[in-house]
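Start from chain P and add chain V with the ligands according to the hints.
2 protein chains.
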Amino acid sequence: MASAANAISLSLSIAAASSSSSRRDNYSYSPESSCLSFRKPSGGVSLRLRPVTGASLATRRSSCIVHATSAPVMDPSPVSESGSAGAPTVVEVELGNRSYPIYIGSGLLNQPNLLQRHVHGKRVLVVTNETVAPLYLDRVVEALTQGNPNVTVESVVLPDGEKHKNMDVLMKVFDKAIESRLDRKSTFVALGGGVIGDMCGYAAASYLRGVNFIQIPTTLMSQVDSSVGGKTGINHPLGKNMIGAFYQPQSVLIDTDTLNTLPDRELASGISEVVKYGLIRDAEFFEWQEKNMSALLARDPSALAYAIKRSCENKAEIVSLDERETGLRATLNLGHTFGHAIETGFGYGQWFHGEAVAAGMVMAADLSYRLGWIDDSLVKRVRNILEQSRLPVAPPESITMEMFRSIMAVDKKVADGVLRLILLKGPLGNCVFTADYDRKALDDTLQEFCKS
Amino acid sequence: MASAANAISLSLSIAAASSSSSRRDNYSYSPESSCLSFRKPSGGVSLRLRPVTGASLATRRSSCIVHATSAPVMDPSPVSESGSAGAPTVVEVELGNRSYPIYIGSGLLNQPNLLQRHVHGKRVLVVTNETVAPLYLDRVVEALTQGNPNVTVESVVLPDGEKHKNMDVLMKVFDKAIESRLDRKSTFVALGGGVIGDMCGYAAASYLRGVNFIQIPTTLMSQVDSSVGGKTGINHPLGKNMIGAFYQPQSVLIDTDTLNTLPDRELASGISEVVKYGLIRDAEFFEWQEKNMSALLARDPSALAYAIKRSCENKAEIVSLDERETGLRATLNLGHTFGHAIETGFGYGQWFHGEAVAAGMVMAADLSYRLGWIDDSLVKRVRNILEQSRLPVAPPESITMEMFRSIMAVDKKVADGVLRLILLKGPLGNCVFTADYDRKALDDTLQEFCKS
Ligand SMILES: NC(=O)c1ccc[n+]([C@@H]2O[C@H](COP(=O)([O-])OP(=O)(O)OC[C@H]3O[C@@H](n4cnc5c(N)ncnc54)[C@H](O)[C@@H]3O)[C@@H](O)[C@H]2O)c1
Ligand SMILES: NC(=O)c1ccc[n+]([C@@H]2O[C@H](COP(=O)([O-])OP(=O)(O)OC[C@H]3O[C@@H](n4cnc5c(N)ncnc54)[C@H](O)[C@@H]3O)[C@@H](O)[C@H]2O)c1
Ligand SMILES: [Zn+2]
Ligand SMILES: [Zn+2]
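The listed protein sequences correspond, in order, to chains P and V. First residue of the first sequence? That's -4 in my numbering, and the numbers climb one at a time after it. First residue of the second sequence? That's -4 in my numbering, and the numbers climb one at a time after it.
Misleading hints may appear alongside valid ones.
Pairs count within a copy or across copies, as identical chains cannot be separated in the list.
Lysine-lysine pairs mimicking DSSO-like chemistry, simulated, CA-CA at most 30 Å apart [unchecked claim]:
| # | residue 1 | residue 2 |
| --- | --- | --- |
| 1 | Lys235 | Lys117 |
| 2 | Lys286 | Lys160 |
| 3 | Lys235 | Lys171 |
| 4 | Lys171 | Lys160 |
| 5 | Lys435 | Lys446 |
| 6 | Lys375 | Lys180 |
| 7 | Lys286 | Lys158 |
| 8 | Lys435 | Lys420 |
| 9 | Lys180 | Lys420 |
These are calculated hints, taken from the structure and not from any lab test. No experiment lies behind these values; they were computed from the predicted model shown.
Bound-form chain P, shown alone (with noise of 0.2 Å):
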């Protein structure tokens, strides 16, 4: 069993390393500085690759290191290196005693003390589904036991798909946890996308009121969203997300390496919310998307590292100023009340979530234009890099004025009978929170994008 999954993280290290030469011609790297600066689309880039050795997998460190700065989201030279080499970046969500830090990087999953510094007690649950399971639950098992002999490892694996985050699929971990016999002291570990997080969560806060958590999101939409922040929950047939708990987790660790095999589609999705941190908040980091799309789209592990690095430290920042969102934290719903309206014209499913808040995002910057709050120049640049990261910048023809209007109408943030939008306004990396626009304006943007 350990010998099997050293040959896999082996022969998954030793891909990631040949592979990202290729990937690596938008960065030219400064061994002066420790500094890799992005220059697209020329510049050469010179990679120190270690070697895979046969130490211990408790402290052998991934063959690609290149990591993201661990500098403050302002910092104007993006990408740096962060101390030794193989360490991870690490976000901290500051969230008083319940903080809890962000591990993000290449091969973290080759290292076990990454994970086992957060198990508390002797056994541990990892929630995972059919399609996650037989790429990285060996490996996730091999992290936790590996020179660890005291901790027992169950596993559930629930069928895939948001049709499944439902209770009697939820039912499903709690009979395995009681079987298993665990107690008070037991650790959930969420392997999987945003519906296997946001269920393990909801799991963990029920199970016997609340047993230890570590979240392992393998989508690009859960490391950079889902997984921080504490939101868990499950849907009901009438409405999504409609049961849950605010639940934060002991720790999150991101393997970029998981996203070498996730769908482009998938991949993509996850970039809409990416964008959605620049727009509403971080001007520098639109910016630098805006220079390694394509970088992003390669699946860069460097590049990805630094992505998901600025959107959990802009994620972490809103939580913790706004846990319970009470308002702050709803401008990270940029685009998502006419991306929600998508969702649901169209039928859940058709688009994926940051598909539809795509659509959703071109849909407010075109309204904030109109309403006289931003530049032409900021609609275009919208636009275009979402098309670069090929999502949708318009609503499927389908859905009608009409279907757009009965369904914002009932949207969460209607408030007394009226609707707040979050809508931009200024300079780029700005936006309010707001139920004082010209309902006209609104009119015209929806007339613009729907044929009827």
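Chain V with the ligands in isolation, oriented as in the chain P frame:
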């Protein structure tokens, strides 16, 4: 609707007034000191009875004006009037920004402001069951809406019984909440015993990741124990209370008049927990109970209010010190390990929880005595007070030593294979939570109480 509710509350108030004089034979009231002292078995009683006037329900008070003191637990004069007639006794549960009041008294359901001040938002969902709804639902709806036309009240009536404390029935609460379009600012109200309180609390914790929540406990068990402390949850087919949340209410409203409709056995079951508080930490309260048990069994409102108040104070103090049961809170389980074995071995629902706990407390006292930790006389006092409460003082004959041993081996309080017990040690009112006791003595206790 409003006038029908008026009529109901009116007739109940009158009933309470006319029956109260016959129940007061253990008290003497001294108008000078505003102090009611308990002298059992003799002593006349003088009661100030206020007629129910036609004044608005918002200000009308119950006709029973004898109230428990809000003096600290150690106050030697246990019962006194708390300021103005009809004002509830208030016990505060101190939990920082999640602190909340417990209101205790007779006729409190006729004081709409006590409920209304804790309702946030405009929509309320009352969760109750088939037994309690016909008795009290109209009055609660009336108390919520009286003089408060902006509030809409919905209700959901669940089937009665521990066997319905499960996920399927919980979903009915969510169904109703979503159909009624309750938003994050809604308030859930639990109206019923511990089953309803635990379920409604967990639903409130989970609906939209948490909405406001008010407890109106209507059994003695829920008034002295389950409504205080924030443990909420449901059963899993494989175990009791396995799925839930720590979730504190906004307030707890205890109208002692609701106990008038409670069956005798249910009342006695609650008294078992009252006796427990005396034994584990409040000698004076135990002595008070010894003197006033017949008043409690006769449902004397002031005796009940005092017993409930002092129970809530004890529980609130323990919960403030150890909300998530890391140690101290475990002492609330005196007699519960033996009791749980009885409930499991005999079949759930055969004996009520408090009945099993009563037998369990006698066994714990017996074991404590065998260990040389308490006097013979204390064992007798435990047995006597429970017998007086018409509670069992030994397990059912069908439970064997072997059943005790095997069921207790998987108790939640087993840590690393060792069974920890709450046992009495020292003078009345002192207990320990320990794994450090002679197993031979435990065997002797089991032998003593089991036929085989
Ligand atoms: N909690 C929050 O704050 C929050 C925020 C945003 C979204 N969400 C929730 O997240 C969910 C969407 O998350 P998602 O986009 O990750 O969807 P998902 O979890 O359904 O994952 C998308 C698909 O990718 C597969 N997959 C996952 N990792 C893979 C990998 N490494 N390689 C190959 N395939 C992989 C999954 O099995 C699935 O088929 C929604 O349910 C949404 O409500 C929650
Ligand atoms: N959360 C906690 O800390 C905690 C503590 C102790 C017990 N509990 C839970 O509480 C439950 C037991 O509570 P319980 O003893 O109140 O049982 P219960 O809720 O089943 O109520 C007992 C019976 O009395 C009926 N009833 C309620 N109020 C009445 C009234 N005023 N008049 C007439 N009938 C009335 C009920 O419908 C029921 O049939 C268990 O599920 C237990 O797990 C929880
Ligand atoms: Zn989103
Ligand atoms: Zn109990």
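Here is what the structure says about each hint:
no.	hint	in the structure
1	Lys235 <-> Lys117	between (34 Å within a copy, 23 Å between copies)
2	Lys286 <-> Lys160	neither (37 Å within a copy, 57 Å between copies)
3	Lys235 <-> Lys171	both (25 Å within a copy, 16 Å between copies)
4	Lys171 <-> Lys160	both (17 Å within a copy, 20 Å between copies)
5	Lys435 <-> Lys446	within (18 Å within a copy, 84 Å between copies)
6	Lys375 <-> Lys180	neither (52 Å within a copy, 39 Å between copies)
7	Lys286 <-> Lys158	neither (37 Å within a copy, 61 Å between copies)
8	Lys435 <-> Lys420	within (18 Å within a copy, 77 Å between copies)
9	Lys180 <-> Lys420	between (48 Å within a copy, 29 Å between copies)
Hint compliance for this structure: hints 2, 6 and 7 are broken, all remaining hints hold.
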